[in-house]
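Asker: Each chain is listed here by its residues.
There are 2 protein chains.
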Amino acid sequence: MQNIVDFVLELDKLKQVTRKTRVLNSDRYENSAEHSWQIALLASSLAPYAVEAVDMDRVVAMLLVHDIGEIETGDTIVYAESGWEERKAQELACVTRIFGMLPAEQGQRLLALWNEFEAAETAEARFAHAADRAMPVLLNLANNGQSWRENGIRHQQVVDRIGPPVRHGCPALWDYLESRLAMAKEKGWLA
Amino acid sequence: MQNIVDFVLELDKLKQVTRKTRVLNSDRYENSAEHSWQIALLASSLAPYAVEAVDMDRVVAMLLVHDIGEIETGDTIVYAESGWEERKAQELACVTRIFGMLPAEQGQRLLALWNEFEAAETAEARFAHAADRAMPVLLNLANNGQSWRENGIRHQQVVDRIGPPVRHGCPALWDYLESRLAMAKEKGWLA
Chain A
1 MQNIVDFVLE LDKLKQVTRK TRVLNSDRYE NSAEHSWQIA LLASSLAPYA VEAVDMDRVV
61 AMLLVHDIGE IETGDTIVYA ESGWEERKAQ ELACVTRIFG MLPAEQGQRL LALWNEFEAA
121 ETAEARFAHA ADRAMPVLLN LANNGQSWRE NGIRHQQVVD RIGPPVRHGC PALWDYLESR
181 LAMAKEKGWL A
Chain B
1 MQNIVDFVLE LDKLKQVTRK TRVLNSDRYE NSAEHSWQIA LLASSLAPYA VEAVDMDRVV
61 AMLLVHDIGE IETGDTIVYA ESGWEERKAQ ELACVTRIFG MLPAEQGQRL LALWNEFEAA
121 ETAEARFAHA ADRAMPVLLN LANNGQSWRE NGIRHQQVVD RIGPPVRHGC PALWDYLESR
181 LAMAKEKGWL A
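Chains as they are written, first to last, in full-length UniProt numbering: chain A, 1 to 191; chain B, 1 to 191.
These aren't lab readings, by the way, just hints derived from the structure by calculation. Check before you lean on any hint, since a few could be wrong.
As the list makes no split between identical chains, a pair holds if one copy fits it or if it spans any two.
[As the list claims (entries may be wrong)] Subject to a maximum C-alpha distance of 30 Å in a straight line, what follows is the list of computed DSS-like cross-link-like pairs (lysine-lysine):
id, residue 1, residue 2
1, K187, K13
2, K187, K20
3, K185, K13
4, K88, K20
Put together the whole structure using the sequences plus the hints.
Answerer: Structure representation (structure tokens):
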């Protein structure tokens, strides 16, 4: 039991990993723990828009663990242009350590979910990526483009970086975002 | 699609519902969104300690939605002695409104999960309650009894209020907590 307790207390650190998007109607930057909760519910709500068979319980399980590696690396804005491979290696080392705190069978289950998300090859992982990438866009669209403006993000960067994973995982969601992003550009929320 | 987007943006408000427990090594009070994420992972990690067959995916799904009613009522410390029925009625009205933003089938699925948790009659709901009730105790044990001390909580209150649901849902977890709580009392973290 103590190893499970140690594990869940280690997870507490994800509440202190801040992202670039602020909580709506708040000055506080959201953290990766509450973000993980929100996208799990976004993904399961999007179930009717899946275009291939998806085990939604596995999507949710993946989303709950996918950011845990940030406990050691911190969050990196998706528009960063370099350093991804090194960060992913650091995140893998981090989750290997943290999931390794659990009894072997459960630790391996969580590590498999984390790796499945990273590989983005299964239908579940693609769907999970769509929810993960879409969420900060949805918050920005509701927030006058807050994190785009704070970080000087261009419309084309969003289209290039968010478009493919969202379109591959949930085409209807990209159709929705594409038109909203055009509006955001007109409003000057995106450079 | 817009109704799902409106739903997930409404959920953002749970990030602003603060609880009585602080994030470890931080002055910030945790919120109910990140708490929901943490207990979903606590519950799934505790799977080997389930004493009856439990569909862990449903436990996780329940834990992700169980606090959403607090968007309108706020969080109430578990040791409050009155007002529970009225608050639960308010929470039910709140989740009925929020889950009603989704297409009928999905909204009903989430409402059923919320009601199942509240009724605490299925093995899954009992297991979910054990994780939910145990988590602030685990944080307090790691935090010199922070929320107990701030709220003048007595050892007997914890035993009376946390003991039964944790014992019913996950007896091994209560065995663990019981001995740790005795130690917490000796240290003066509980009145």
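Asker: Please name the hints from earlier in the document that this structure breaks, with their numbers sorted from lowest to highest.
Answerer: When the structure is compared with the hints, none of them turns out to be violated.
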